[in-house]
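Residues per chain are reported as follows:
4 protein chains.
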Amino acid sequence: MQEFTKFPTKTGRRSLSRSISQSSTDSYSSAASYTDSSDDEVSPREKQQTNSKGSSNFCVKNIKQAEFGRREIEIAEQDMSALISLRKRAQGEKPLAGAKIVGCTHITAQTAVLIETLCALGAQCRWSACNIYSTQNEVAAALAEAGVAVFAWKGESEDDFWWCIDRCVNVDGWQANMILDDGGDLTHWVYKKYPNIFKKIRGIVEESVTGVHRLYQLSKAGKLCVPAMNVNDSVTKQKFDNLYCCRESILDGLKRTTDVMFGGKQVVVCGYGEVGKGCCAALKALGAIVYVTEIDPICALQACMDGFRVVKLSEVIRQVDVVITCTGRDGGRPGEHLDRMKNSCIVCNMGHSNTEIDVTSLRTPELTWERVRSQVDHVIWPDGKRVVLLAEGRLLNLSCSTVPTFVLSITATTQVPSQALLLLCDESPSLSCSPDEYVASLHLPSFDAHLTELTDDQAKYLGLNKNGPFKPNYYRSVPLLGAQSLFFRWELHP
Amino acid sequence: MQEFTKFPTKTGRRSLSRSISQSSTDSYSSAASYTDSSDDEVSPREKQQTNSKGSSNFCVKNIKQAEFGRREIEIAEQDMSALISLRKRAQGEKPLAGAKIVGCTHITAQTAVLIETLCALGAQCRWSACNIYSTQNEVAAALAEAGVAVFAWKGESEDDFWWCIDRCVNVDGWQANMILDDGGDLTHWVYKKYPNIFKKIRGIVEESVTGVHRLYQLSKAGKLCVPAMNVNDSVTKQKFDNLYCCRESILDGLKRTTDVMFGGKQVVVCGYGEVGKGCCAALKALGAIVYVTEIDPICALQACMDGFRVVKLSEVIRQVDVVITCTGRDGGRPGEHLDRMKNSCIVCNMGHSNTEIDVTSLRTPELTWERVRSQVDHVIWPDGKRVVLLAEGRLLNLSCSTVPTFVLSITATTQVPSQALLLLCDESPSLSCSPDEYVASLHLPSFDAHLTELTDDQAKYLGLNKNGPFKPNYYRSVPLLGAQSLFFRWELHP
Amino acid sequence: MQEFTKFPTKTGRRSLSRSISQSSTDSYSSAASYTDSSDDEVSPREKQQTNSKGSSNFCVKNIKQAEFGRREIEIAEQDMSALISLRKRAQGEKPLAGAKIVGCTHITAQTAVLIETLCALGAQCRWSACNIYSTQNEVAAALAEAGVAVFAWKGESEDDFWWCIDRCVNVDGWQANMILDDGGDLTHWVYKKYPNIFKKIRGIVEESVTGVHRLYQLSKAGKLCVPAMNVNDSVTKQKFDNLYCCRESILDGLKRTTDVMFGGKQVVVCGYGEVGKGCCAALKALGAIVYVTEIDPICALQACMDGFRVVKLSEVIRQVDVVITCTGRDGGRPGEHLDRMKNSCIVCNMGHSNTEIDVTSLRTPELTWERVRSQVDHVIWPDGKRVVLLAEGRLLNLSCSTVPTFVLSITATTQVPSQALLLLCDESPSLSCSPDEYVASLHLPSFDAHLTELTDDQAKYLGLNKNGPFKPNYYRSVPLLGAQSLFFRWELHP
Amino acid sequence: MQEFTKFPTKTGRRSLSRSISQSSTDSYSSAASYTDSSDDEVSPREKQQTNSKGSSNFCVKNIKQAEFGRREIEIAEQDMSALISLRKRAQGEKPLAGAKIVGCTHITAQTAVLIETLCALGAQCRWSACNIYSTQNEVAAALAEAGVAVFAWKGESEDDFWWCIDRCVNVDGWQANMILDDGGDLTHWVYKKYPNIFKKIRGIVEESVTGVHRLYQLSKAGKLCVPAMNVNDSVTKQKFDNLYCCRESILDGLKRTTDVMFGGKQVVVCGYGEVGKGCCAALKALGAIVYVTEIDPICALQACMDGFRVVKLSEVIRQVDVVITCTGRDGGRPGEHLDRMKNSCIVCNMGHSNTEIDVTSLRTPELTWERVRSQVDHVIWPDGKRVVLLAEGRLLNLSCSTVPTFVLSITATTQVPSQALLLLCDESPSLSCSPDEYVASLHLPSFDAHLTELTDDQAKYLGLNKNGPFKPNYYRSVPLLGAQSLFFRWELHP
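Residue numbers (the numbering used here), protein chains in the order written: chain A, 946 to 1439; chain B, 946 to 1439; chain C, 946 to 1439; chain D, 946 to 1439.
You can't tell identical chains apart in this list, so a pair holds if it fits in one copy or across any two.
With a straight-line Cα cutoff of 25 Å, these simulated DSS-like cross-link-like pairs (lysine-lysine) come out: (1) LYS1045 with LYS1144; (2) LYS1287 with LYS1257; (3) LYS1405 with LYS1165; (4) LYS1405 with LYS1257; (5) LYS1033 with LYS1330; (6) LYS1033 with LYS1287; (7) LYS998 with LYS1045; (8) LYS1411 with LYS1257; (9) LYS1229 with LYS1257; (10) LYS1137 with LYS1045; (11) LYS1165 with LYS1137; (12) LYS1145 with LYS1045; (13) LYS1145 with LYS1168.
Honestly, the hints are just simulated from the structure, not real lab data.
Taking the hints into account, I'd like the entire structure generated from these sequences.
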């Protein structure tokens, strides 16, 4: 489990990769609280449960919560119309017929929509949770009620965690041929424990930075014999999930925790990658005065042209009201900076794991911690100065705000054609695929947006197919790894 | 009590004038829940309570909650540094010595800061609540513990309401000489029940539209023998409270209830007064496409120049994702419009009372209501179409978001010099006052903003005093009513 | 003539009040150059000219330029559709029949559209120029050709200036009964030289700060026996002309002179009135980092909330790339500040007359001036440092950019109903007029904007007439002066 | 010459690639007019000229204009401080010693700064013009006076054009070993006429779309035996030149030609690549209502999220006030669309060559053309409707505005390390180069921007060198072509 937080990333673990101690955040969700705290303490593994059709091919907290979970899924579906339309378009032809997918992701209403779409397209699915705290028990119950073999609950022990994964893979008379992973634990488990199954996997779709990192290492070591799709670096994830998701959630996270007014506030944003760009845009738009720190001269020059002063942290630390880290770096904020912050300065992290803010340096005998609200601590200096630390340095938007379903939809939708592509790869490994453009086009109706179509003459003049792809190849997807495998990497698009 | 909602207003009842059924909103507050729902059901009027100093000169829900309330007050103080600095500056000279103020306002952490400032400046205060649901019991307890004669709790009956007011006014050996009112109920009570006290009141400060309306009526009828300060129309309230407060809170209210993504959403804002301007600015800044409806050609032309399409509601109602009313009008949204909204359209009100959205027209046998989350109802048409109604048409930002303490601070701070001015009015009725500029200057240090000072030559050239006032008289304050009284109205400033 | 620059103003002389040495600016106009520099040097007063209908009731530079001038007028008409529609609506009823108007304004294509509208509505007009340099000779020729008695050319001597005014007023068999003035010179001339005519004037419409100031003085002295309409303080001028006109023209003026890139530039804007607000909004929008200086705490607080740091000039003078003055103050920029500017710093004035920037302090033996382009001087310090001074400190947007015709149209259109109102005032002095709302509504069709109409019920509920006025009286127009006269002042609207 | 316009491009030929009939644009330049129109008509090829040092190794219009040209160069230097600092830093070590560069670019003040930097770093240079109209004669004179072998003047014949190129290449006793090209004509000439020289060229730097396209074709055909650096696709050009340059110049181009007011204008921007993004951002920021058309679903989705309605042109063509093409497509605007535009609609092109707007379809007997101002034509329909066509459909910003020197500086600066890199490539072909980060860092001091430096620990944690490169390899530079050559392509960076 420790491997989860081992690898750095510029843009952080966006998606759903919530940090482990995120459990206390549910009170910030707009949804009604998902879990019944008065639940009995019997482990789900001990319980005998069957759904209304008599099946007991699952393990969840409480199958009776299915109806409530279904309502949450339905609310999510309203903002994931792309997946629904994909479901409708492809339902007849069952393009995923024959796919036997084992999945390991956060189990939320949004991923439920994804899983049910995979099923609707013909796949058989077995699912576990990639995080021991993040499962919405009601949603898991709704999935189980609908017939998905789901093994997950909130508050699993580490032993439970691997037990659930194993229950997905190790099945008599059913052998997975596809993996959909978030973090790499499932992939690792199959690779280590069931090498024979692993060899016959037709494709892996991985969406987290950590998981992709692990796949690269495997590939470097010459041991990745399976085609793997890196959804993390897809255009749809990078350019939409990171930028827009943070633009939407930074204000929300700050408001829900501190009720801070943005107008006129001085804010320093550490890092001007996609995450930083999103934060800066939103804060500036609401009247904050934003400073940027950067190590990369290109991002720094962009910040300048976008109207932000690029400074060293030490230049502004005494005057800012809010510090937001988006660096993807470890230990970016040593004690000296915290020492010099002014009273009531708010400190939070949008970038990566706890390590961006040097929280441990604040756990000293000199400093007093006072929990003033859920997710809000005052760290009090001997002279009475207070620094307001949010979510103990964990990701603010995942801990203290909700993330727009629509944006999650873009990434989730990407996984469906990815699965389909990998199924086909066996037969046509040279396939020039552009799932990103397809996925983007599925989301346009939500905006009532109308694409212009090239005339034949124009298409010819431009040397393009009328239906795309419209980007040069190097923007979209590149087979990266040789051997007998294909590794798609979707590069960034401007 | 019904008079509360009787009078229209362009800009709505901003400030703290929360609607009556606001009680269910506490779950949206970032503060921990203020009230212990398992509290015993004994009426505070029946209880015997004393604070730690042995005084029982108050009536609150539970004096034991004082410590928790004190913490909330302290948090509020951090964003109300102007009041605190006023407290510090004027504390020595006690400018309000001799003031015996009866107050009737929402009792929240922010008003507690105001009350304690009045006390620190030498005033004696007795306080009741202007709304039977809005009292934060813990804050009332903290005030009582600190020695303020406060009579208020959450969930008063109407009888309780007037009993509390009466307890403030009707005291042996103590006679109020100042009124600080929000809504006019206290003023009305004193005027009707204690005419002898009323005659000796040296000044009334009123901050709500409704209360001001009632004062105007009294004045028109020749019965307002007391100088009254209209804080509602002060520059500091109109130009800051309305515009910036709505800019800050519209996004927050929508996010906390619906998690809606703003990017690309089509929104129609009905009304382009200060409230509408604030909403439009925030929504556009976060990537929404905003349409405006207006009846007033000047506001309409401003909307045009600011980059919004000005339309009739019928032109866009089929395509918008969100409808926000800020008209100050009754019945602005008849059933026909709701009929034509698209599925999942969100409808909310930032403007005035429930009547802006024609909620009653939705209470029909044909339409099904489904409460999906706190403050969020789905109204379901026979064909399955759902309209998402927030806060049952009550003010969104007061019901579903928090309002920035800092902005409230501006209005609250205005009340202190208003009290002082009225105290002085007796002696110098021709006083050319500019509390608005003074109040604004008190808030500048929060931004580390530094005013430029005129040189003697420049001041002379401009015909100004170096310390202001800087605006022509008609921008600031005008004595409106004759008789033996003075009525200050602070006009708008651009 | 010296009186022109005597009076201060917060917002400066926007409209067309170009400074005297503006003559060199023609090269910046997008229109082809208006004047034929090779023109003969004979004074127009010496020439015998007749238009094509045989009339010689005018005095212009060269009647043969009429056709070119007509084209410029036609181009202007396209952006002044409100005046044209007013022309069409009211043409039948000739509401200005009987009006004999003497006018004294800048003579440009835009004012030509106004003059011809007045004529179309039934007025008889005689016109001179309010500035010796600003006349577009071709436009004057076109007016003369069309039958307007116009007496104006570019490059008048001071003697010519008063001769032209006199030719308008002093006519056998024709006696003016209305004055339309810009600056007050015409009014002054009639008042002093023709007191008998002055007494019978039915109304004065004045649009400049200076002229209004002079009228106030006259009124204070009890000598203003004529109703006067202060268009300068009308909502339509203040809220549109100042704010939006500056937002549109600040970027234009800087680009045309210096080609400066805005992205990332540090700019200090001195003054945050309407002019400053417009400049700040535009610069921030294009990626500049903007600082504000202010003397007025209310404007300063607005700047803070709008996301600008409020500083003293000395705090930022060493680091800024551009300094823009909008203070309405004299000598705002003493030598010490210029001394500390960095190399290549651009200095310009959007606010008032030359005196905002202390240009004379730069005319010293130590400093070298180098004219690098038209309207652009490098002032060179002994150590080689260069400060880039635009338009020698005169108004940047009038000197170096064009001003949007549409915005001018709003103010110009205001003058037509003003004339009509004053005609009527004699008969109905208590008339509650709202020309500003009417004028605004005339401009909405340009934006295809559709006003919402109140239902009868709503109007009744709001206590409003369905057709307005929608603003409280104190927003719109107030009769200010007693005697037998009326003085309309239109107050500001938020 | 015809090849110039043959190749399509998404983003158009930004940089300096002015279209051929751009000659009439000089009047829009803020600089004084570069050419003396009364110049004698003798061809420079016939003239005998020597500079003040007695050299006649050049061919320009008039060597006497050198001083004026020098001043223009000096003005440009002020905004190209990165090149100047590069000059200073590397001057001692003369990194380009041994480089014998033939160049063929637009000859402007900005390129003069580049050429003189190359010389200062040790290179020998011979230069011709890549466009027969774009040469600033004074600048060419200044270069010649400074000793650069420059062969160029404004108004060359096609024969002159190739003669000048040949004079650069075909020199006794001097053999070029580097090519700096803009458009590919010089490369083509050397390749065809001097194959022996071509073989020994150590590197080509090409910055235009067209030129890069020709190199790719050469490479595909296996005939590119020389390493070539594609500056056109460098991060610094794509992300800065295209986006920010258009953001800065679209407003300028529209203002200088039409004085149009932006507030409330409805504008459709065809294409949402970098150019379209820049145009949309600027227009929205100034209050225009912007619609977008797109063929590419990813760009379309970005437009949605950024707050623009994505439409087909036919949906909005009747209502828009301005049409801007940025498609890189041919014939994007057939007659039908122009037919349906409203009166006074402005049409212009920011994207590519004339062909984006179907100008020829407007050259019909039915339609009357009227040249109303320089670069502004009214195309008049039989019913009187006028469409305002700017620059006859050529690139608006290059024809009618100036382009910020600072942005040009970024691309120009990129060429210096490119030259150096190519010099080194011979020796170390596997060099992992990152000139883009270096170039960006050189521009930061202009903004007083301060980079943060990684600590050793952080660098180690991130697996980065403290001095960069900070981007993964695929963001920066990729060797594209095998054989014995290297072809650097700098890919896009987010």
